[in-house]
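A.B. asks: For the record, the sequence lines run as chains A and B. Heads up: the first sequence begins at 1 in my numbering, then just goes up one per residue. Heads up: the second sequence begins at 1001 in my numbering, then just goes up one per residue.
Each hint should be verified, as a subset may be incorrect.
Which stretches of chain A does chain B cover? Using the computed rule of at least three CB atoms under 8 Å from a CB of chain B, they are [said to hold, decoys possible]:
| id | segment |
| --- | --- |
| 1 | 16-24 |
| 2 | 172-180 |
| 3 | 206-218 |
| 4 | 281-290 |
| 5 | 304-312 |
| 6 | 406-418 |
List time: in silico BS3-like cross-link candidates among lysine-lysine, alpha-carbon distance up to 30 Å [what the hints assert, rightly or not]:
| id | chain 1 | residue 1 | chain 2 | residue 2 |
| --- | --- | --- | --- | --- |
| 7 | B | Lys1254 | A | Lys112 |
| 8 | A | Lys422 | A | Lys457 |
| 9 | B | Lys1491 | A | Lys478 |
| 10 | B | Lys1408 | A | Lys386 |
| 11 | A | Lys152 | B | Lys1309 |
| 12 | A | Lys309 | B | Lys1152 |
| 13 | B | Lys1124 | A | Lys309 |
| 14 | B | Lys1256 | A | Lys112 |
| 15 | B | Lys1189 | A | Lys152 |
| 16 | A | Lys335 | B | Lys1082 |
| 17 | A | Lys256 | B | Lys1156 |
| 18 | A | Lys364 | B | Lys1061 |
| 19 | A | Lys192 | B | Lys1152 |
| 20 | B | Lys1033 | B | Lys1335 |
| 21 | A | Lys254 | B | Lys1112 |
| 22 | A | Lys254 | B | Lys1192 |
| 23 | A | Lys422 | B | Lys1408 |
| 24 | A | Lys408 | B | Lys1386 |
| 25 | B | Lys1308 | A | Lys160 |
The hints are simulated quantities; they were obtained by calculation from the structure and are not laboratory data. Glycine is no exception: its CB is placed at the ideal position from the N, C-alpha and C atoms.
Number of protein chains: 2
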Amino acid sequence: MRRIEIYDTTLRDGSQAEDVAFSVEDKLRIAAKLDDLGVHFIEGGWPGSNPRDAEFFREAKKLNLSRSVLTAFASTHRPGLKPESDANLKSVLASGVRAATIFGKTWDFHVKEALKISYDENLKIIKNSISFLKKHLDKVFFDAEHFFDGYKNNPKFAFKCLKAAEDAGADCLVLCDTNGGTLPDEVRKIVKEVIKFTKVPIGMHAHNDADCAVANTIVAFEAGAAHVQGTMNGIGERCGNANLCSVMANIQIKLKHRCIPEEDLRKLRDTSRFINEIANLSHFRRQPFVGDSAFAHKGGIHVSAVQKKPETYEHIRPELVGNSQRVLISDLAGKSNVLRKAQEFNIRLDANSPELQSILQKLKDLEHQGFQFEGAEASFELLLKKSLGLHRRFFDLIGFRLITEKRKGNQPSVSEATIMLKVGKKIEHTAAIGHGPVNAMDNALRKALEKFYPELKNVSLYDYKVRVLTAGEGTSAKVRVLVESGDGSAKWETVGVSENIIEASWQALVDSIEYKLLKQEE
Amino acid sequence: MRRIEIYDTTLRDGSQAEDVAFSVEDKLRIAAKLDDLGVHFIEGGWPGSNPRDAEFFREAKKLNLSRSVLTAFASTHRPGLKPESDANLKSVLASGVRAATIFGKTWDFHVKEALKISYDENLKIIKNSISFLKKHLDKVFFDAEHFFDGYKNNPKFAFKCLKAAEDAGADCLVLCDTNGGTLPDEVRKIVKEVIKFTKVPIGMHAHNDADCAVANTIVAFEAGAAHVQGTMNGIGERCGNANLCSVMANIQIKLKHRCIPEEDLRKLRDTSRFINEIANLSHFRRQPFVGDSAFAHKGGIHVSAVQKKPETYEHIRPELVGNSQRVLISDLAGKSNVLRKAQEFNIRLDANSPELQSILQKLKDLEHQGFQFEGAEASFELLLKKSLGLHRRFFDLIGFRLITEKRKGNQPSVSEATIMLKVGKKIEHTAAIGHGPVNAMDNALRKALEKFYPELKNVSLYDYKVRVLTAGEGTSAKVRVLVESGDGSAKWETVGVSENIIEASWQALVDSIEYKLLKQEE
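Build out the structure end to end from the sequences listed, making use of the hints.
C.D. replies: So this is what it looks like as structure tokens:
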């Protein structure tokens, strides 16, 4: 079993993603979370490039990280300067870190075209930058920028650059596929060549432009790399970096080598989601290992097999990364899916009961109408409970009216809802406005019910999705509405289907409220 | 240069994705789009598994695909039956295809645990199923389910299964990594072993559970595979399938072998987005090759370097896949797009004119609001013409009112619209009902305008889509409405955006009608 260093650059390279912008506070929270996960290094930023990163390093001292080493990023010093007078290198020392990563050019084309200096001067710059930092820090890593492109263009020069870093005392030579275009077979060959050539540990830093970042990282590890860099969820510039969630899970669970303690790997899904939340990114359902769909089974045959022997359709046990098996309800579903769900909901249901038959028939009818319960488990639970008489009515609708009006051609529309309903023997009649008819209806319904059920005050709608089901019928097409609701501690999803978007939204909203009230009683 | 077969299973394996549910109409539109892209095979579905897929194959005959071969999917026949009495195999013949893919077990564990039959019987079933279909079809491919797991567990048996398919005349032996857990080095070794063993072409079918589906497909190709399966955008069960966008771009642009004609590869981004739209999935910004961020540069050193020499930070030229370089802080990319579009619409527009500046500013504002004109060129043409004074008003709205009412809790909602508008000096005031408020509004607007513009009688709405733009705001989220209209000879798409779905629909409907009237005049 080999041990491998996990170097996380979510806070530096990850923040280069087009849709990501971390505040100092965000970065501090993420650093603490990564420390708890137990990655070996957390690259906090480039203190010389912007004041926010410099501030982060000042604040980060208070974090008292217990497991991870915080590192700073910087470039080699500017041509024509001495290292000790280069602001970018000085800011690394000022940041207070004990480890740093310095990136330098190793592609002759870049030295010529971008830096516009001689090859020898480039070597000297690498050597001097690293020697300077090594005098003050415990560890200095060398990020060999564009190494793979450089190696393919001029291997001798690329090797000389690594040698300059090695001679200066670099603790790791990190081969960067900066443009992300290298394919796995090339990575394997090139890493093997480099390993023959040096005694310093080799690292891998992959980008995902060819959709191979994780594979390239794994291949480099198998070829002998001892250090891998990446970001959580693969966020980063352009197509992103190697996704550390996948890299760690592959190395530890599938290749059986050691990244972080096994019990920490179980925090992977939670950490991945935490970082999405902070970055304000939605969770990618199909994300390997940690996504909602990663261990979700839809087909009937799959479901019955996977319940008996999970390894029939699961490459690892989802619990190892903090995920879990899910069985989806869909038109491909059979008996076993429904039974399995009933069990999850603590509903007793016998495999041979007439109730199960009638539930299956009802499901088939509803799915034919366009209902889909995969994204709406709360509606499914209500459906089961209603079919089995385990549900009571919390209110009766007497009627509602929605009005959307545009009074002048150039004025915005205004929406208003009135609603009349009955709780027990009491009738409530009220009205509300909203951004559009659905929002007005939602507001009016809550307003009417909160009198009777104050617990609904904590409920809010998180997400609202509309899907047009029947193409080719224009505005009279059938729509499916999915609503996600929550009360701070739990989240649930409900569904409605109709040719009338108001009717479909109404169904989903009512399910959402009934589900909350039902759970409250239980 | 080797030639490779591209086998698309978006319509079958792709539809297994948790958040995807294609209607028959959706599938027909996607098949036509894939044919236009020029993939070699389009797997339309599993006709024996559900009536929707059977209907698709009936309708697909009218598509007259010119470049792609449509295939049907099925399992080997059931134990204990003869192939000619197996409903699943018979449905393949009934579907009218000339090529099919049959999947069968090759992992001894599955034969024992799932099928519960002897190894010999499994071999016989594979052989008989393929022989039977080969009598009637031009091509039969064998999907060796779980081949990699099977090979690792019992290579002799796995080979025997392939041999049974070969003996029966299979045209390709497709090695499936059904659980998606195999890593690239294993794929390379195993594919090389299989290729030594058989003369039949080898195919690869990869899933993405280890985040290596694209890499595994490329590695298999480099090891000698001649046929690759995957889905557009990688949609599929659990973590999805190998993403064909990445696979084709890698093989063709980076490895320089032939998938589809070079000029068709330029449709890749457009095809990818089309399929997301039909599947109602948002575009993944960081998707390699075709994503919005794939060639986006965030400023600083990268930008100036990449503008002078793109290869400094781009692994391929984005135009090769229909994408383009984006520099995030400047609007250079926008300018050339607008000029190109103006030319398409026969609008004279000078690159240095103040009008162009104001159009760019307007576009930026609209995009910030959530407008997107990629799926709505008619709205974009109207926008250009309005900005340049090339458009006249056909009517003025005075006002409208939409009422949706539910008079009893258990009765359906009823929607009614009233509208008042002016054409020249004549005022028209009318009313209509509809399936939901948008349909009622659409009906009332047409009723009012048809008096003045009888040509609108030929116009109908083909499709209506709603996309919720702002997650996390429940029913007050902003929505984008896309409307597709046509008059029998032409089709056009328009867009509207608002927090109020009625307002957004109104914008798109008005654009649709104005576009028709404008074209009529021209």
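A.B. asks: Which hints from the list above does the structure break, by number from lowest to highest?
C.D. replies: none
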